[in-house]
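Taken in order, these protein sequences are the chains called A and B.
Heads up, the first sequence is in the numbering used here, so the first residue is 1 and it goes up one at a time.
Heads up, the second sequence is in the numbering used here, so the first residue is 1001 and it goes up one at a time.
There may be inaccurate statements among the hints.
Heads up, simulated DSSO-like pairs for lysine-lysine below, C-alpha to C-alpha not over 27 Å straight-line [unchecked claim]:
1) B/K1066 x A/K15
2) A/K15 x B/K1174
3) B/K1066 x A/K297
4) A/K35 x B/K1168
5) B/K1168 x A/K15
If you're looking for bench data, these hints aren't it; they were derived computationally from the structure.
Owing to the predicted nature of the structure, the values given are computational and were not obtained by experimental measurement.
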Amino acid sequence: MSDQNKDSLEEFFRKSAEECHFEFQETDWNEMEHKLDGLYTAKNPAAFDNNTGIKYYLTGIIFVKIILLFSIFFFRHQSPSGEMSAEKVIQHPMNHQMHDISANRKKEVLPREKNVESDHPLRQSNAGIVAKHPGFAYDEESLQIKPVNTVPASGNLAEILQHTIENSNEPKIALSLSEIFDINDENQEEILNIKKRQAHEWSMGLLIAPDFSTVGLSTFSRPGKRIGVAVDYHLSPGIVLRTALVMVNNLYTAGENQYNPPVDYWPGNNRPVSTDAECNILDIPISIRYNFATISKNKFYAGAGLSSYIMLKEKYQFRYSTGNYYNQQNPDMWESENTSSHLFGLIGVSAGFEREISPKMSLQIEPFLNAPLNSIGWGNVNLYSTGIYFSLRYHWKGQ
Amino acid sequence: MTSDQQNTELIEILNGCQDFDRRSQKALYQMFYSYGMSICMRYGGSRDEAVEILNEGFMKIFTNLKNFEFSKPFKPWFRKILINCAINAYKARRRYQPEEDLDALKEMKTQEQISSGIYYQEIIELSQKLPPSYRAVFNLHVVEGYTHEEISELLGITPGTSKSNLFKAKQHLKILLKDFFEQDYVRSK
Chain A
1 MSDQNKDSLE EFFRKSAEEC HFEFQETDWN EMEHKLDGLY TAKNPAAFDN
51 NTGIKYYLTG IIFVKIILLF SIFFFRHQSP SGEMSAEKVI QHPMNHQMHD
101 ISANRKKEVL PREKNVESDH PLRQSNAGIV AKHPGFAYDE ESLQIKPVNT
151 VPASGNLAEI LQHTIENSNE PKIALSLSEI FDINDENQEE ILNIKKRQAH
201 EWSMGLLIAP DFSTVGLSTF SRPGKRIGVA VDYHLSPGIV LRTALVMVNN
251 LYTAGENQYN PPVDYWPGNN RPVSTDAECN ILDIPISIRY NFATISKNKF
301 YAGAGLSSYI MLKEKYQFRY STGNYYNQQN PDMWESENTS SHLFGLIGVS
351 AGFEREISPK MSLQIEPFLN APLNSIGWGN VNLYSTGIYF SLRYHWKGQ
Chain B
1001 MTSDQQNTEL IEILNGCQDF DRRSQKALYQ MFYSYGMSIC MRYGGSRDEA
1051 VEILNEGFMK IFTNLKNFEF SKPFKPWFRK ILINCAINAY KARRRYQPEE
1101 DLDALKEMKT QEQISSGIYY QEIIELSQKL PPSYRAVFNL HVVEGYTHEE
1151 ISELLGITPG TSKSNLFKAK QHLKILLKDF FEQDYVRSK
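Chain A on its own, in the form it takes in the complex (with noise of 0.2 Å):
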């Protein structure tokens, strides 16, 4: 091979390589999420290093005992037990098949292919030439390879190769790509400060729930609800802060001793056998969420935080034992409003499962426990509240 041919053969490959353009298909990153759900399974533990993997392990141990919690929670108090199983881990539907080769080949053909047809010089100016092979053709009665107009007439592959290097037209995506991406040493100190004031992440959801009250683990009344609004503050990827306003109707009953008004409330200290109360309460809480594992588009996470209640309404009724005469003296019920607060008056644990339904959407199901660390409402109860958030949240970047 001539030098000439060399050169030209070489710089026609190099050209190509480097700007050649590939449409995104959808199904290649099937394949690679496929690989990466192998490995985020655990199946691969060599994927981790020592610190993720005790993360991960720590954050299992967490959630199991979360579940169990739960379970035990409800199996105990014969409690609608079945809203409250653990999720199920459900794998993202794949499909392990490349469809179509054919049909993705086509796709990936440059956007050039459009217009072959009509903006090709060669089709307008030589009527018989049929080759269509920019800045060249066969001519029919030679049978040989010409070049057209300003091209030597030679039948010389490198003659080819190189008219066809510079007269093409083809769009140089490759290399606007190259000039976007490529970071040199020269700006790595603005990188860094880029990196610094990089934006994070926020979400804003829909919290509702149906809320299962009880004092000392005893017994559960009908279920009351939850309403409210959440805000997330993703610090990281894996970690979220939360908090929520959340208006909680409450419903539950307290046995005897369970129920512990103002002393000398009740006249000879005959208290009611029972107390059925309803509150309403306005719930602050504030937590930390972690993501212990992503597959696909669905997150699972495990948090904890504290919750303070502030007391809107609180409404006892009380039931006595029939038979006693000073009963007939005691009050039936107690009302009152926003009669007191209790800050950071609960501690709160929750696991949940998160689905992706669009870039910026999602939706939520979490599973909560709320327990009391101090006496709750006018009545010192130990209140503790179970249920399952349902949330649609909102995501969006912001400084």
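Starting from the structure of chain A, add chain B where the hints point.
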């Protein structure tokens, strides 16, 4: 979008990938898909093989991102990983395939029709018709700029074999190109 914004976005995505965030992983995959495929298509014998090499490369990226220094450019690191994956794939394939020669090339020519019009992608498809050992040397030397000594270390062959394979690769490509234009001419008639 300015270069600064692109850099910010890339760094944010890389941060997300470090935490195994799936959305960030997809964003990085999409961002470098075309660039990665343009490399892998040259080394793989088919599109499927190219995607296999690409995904293996991304897997290495996702699991080893903690070793990446953010102060350094990402793209050359990505490219190096892909080429290493391509070399590994070539070595694995070589175990099961005998040495190729021109007869093999003749057989390959009939396997697939080349569509009309020569575009960059078709040029890459032409190079895919080369026997793997010629293709690997050709790409490493001509496109990546490795010397024959470096290639001999990478592929576990002698420098003489590397030179010989390069020469044969070019001969094959010459034949393939001429054949391509002739076939295209005949079809056009």
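Structure-based check of each hint:
no.: 1; hint: B/K1066 x A/K15; verdict: 33 Å, violated
no.: 2; hint: A/K15 x B/K1174; verdict: 16 Å, holds
no.: 3; hint: B/K1066 x A/K297; verdict: 23 Å, holds
no.: 4; hint: A/K35 x B/K1168; verdict: 37 Å, violated
no.: 5; hint: B/K1168 x A/K15; verdict: 21 Å, holds
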